[in-house]
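Student: Here the protein sequences come in this chain order: A and B. Just so we're aligned: 79 in numbering that gives the first Met the number 0 is position 80 of the first sequence, and the numbers increase by one with no gaps anywhere. Just so we're aligned: 43 in numbering that gives the first Met the number 0 is position 44 of the second sequence, and the numbers increase by one with no gaps anywhere.
None of these hints come from the bench; they were simulated from the model. There could be a bad hint or two in this list.
Think about it this way: if two alpha-carbon atoms lie no more than 30 Å apart in a straight line, the pair counts; the simulated DSS-like pairs of lysine-lysine are [stated by the list, open to error]:
no.	chain 1	residue 1	chain 2	residue 2
1	B	Lys92	A	Lys79
2	B	Lys72	A	Lys106
3	B	Lys79	B	Lys92
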Amino acid sequence: MWLLNFIPDSWIAFAVLMILVAGIVMYFAGQIFKYTPFTKQYGLPLRVLGSILLLAGAYLNGGLGVEQEYRARIAEMQQKIEVAQAKSQEENVKIVEKIVTETKIIKEDTQGTLYLIEQMKEKINLGCELTPEVVELYNEGITGRGE
Amino acid sequence: MDRTQRGIVILVIAMMFVLSGCSMFGPNVVPVTMDFPQAPEPILMQPEQLDTLPEDKKQLSDMLENSTVNYGKHRELQLKYKQWQRWYDTNRKLHKETTSGN
Numbered sequence: 000m001w002l003l004n005f006i007p008d009s010w011i012a013f014a015v016l017m018i019l020v021a022g023i024v025m026y027f028a029g030q031i032f033k034y035t036p037f038t039k040q041y042g043l044p045l046r047v048l049g050s051i052l053l054l055a056g057a058y059l060n061g062g063l064g065v066e067q068e069y070r071a072r073i074a075e076m077q078q079k080i081e082v083a084q085a086k087s088q089e090e091n092v093k094i095v096e097k098i099v100t101e102t103k104i105i106k107e108d109t110q111g112t113l114y115l116i117e118q119m120k121e122k123i124n125l126g127c128e129l130t131p132e133v134v135e136l137y138n139e140g141i142t143g144r145g146e
Numbered sequence: 000m001d002r003t004q005r006g007i008v009i010l011v012i013a014m015m016f017v018l019s020g021c022s023m024f025g026p027n028v029v030p031v032t033m034d035f036p037q038a039p040e041p042i043l044m045q046p047e048q049l050d051t052l053p054e055d056k057k058q059l060s061d062m063l064e065n066s067t068v069n070y071g072k073h074r075e076l077q078l079k080y081k082q083w084q085r086w087y088d089t090n091r092k093l094h095k096e097t098t099s100g101n
């Protein structure tokens, strides 16, 4: 059935309709031939062939409707996916921009605070010295007790 | 069986063929899938480790400096975490909108 994907819808619709029409025409021609001299012997084969084509045409017509609906759904789905991918990409750009901008602000803030600490170093350290236990406890808070 | 009856039989059979054609052809699931979206590079980077205070640093200002740097790292991670949530919410919504009704 995948071969059908390479044939335009209009061609398939035309071919299927022609099979159905040929079946009907041949069937009724067979009915008429039955009563006319000289062509009487073609009546039965025409009716049999006409019936086969008629049924095949009916079967394919039923299938074609579904196939066309199916193709329309695929096209719709592909279009939706393209829109979603474009929106997702747009959002990614916004996220990157936000991260870059705000990271810069955070780094500037940090540098600002470090500068202030440097300026006030003497005042901060006045009469206060950290013991090794304080440093150890402080580091445990950072790394966790397990590490 | 007269001509009218025969015509009706052929018509009924033809209708059955139309219906069987309908059911035979169409698969119910559309074979189009949506690729998993790619997250932006900055939120995929390894998180920075917090700095520990070297043992030879004995002043309160050293501890304050260390804390300030670590708080900065925390704020950067907080920002990235929020952007992860934003990325997930957006893509989940887009996925839902795209796949609903298929």
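Student: Does the structure break any of the earlier hints, and which numbers would those be?
Tutor: none
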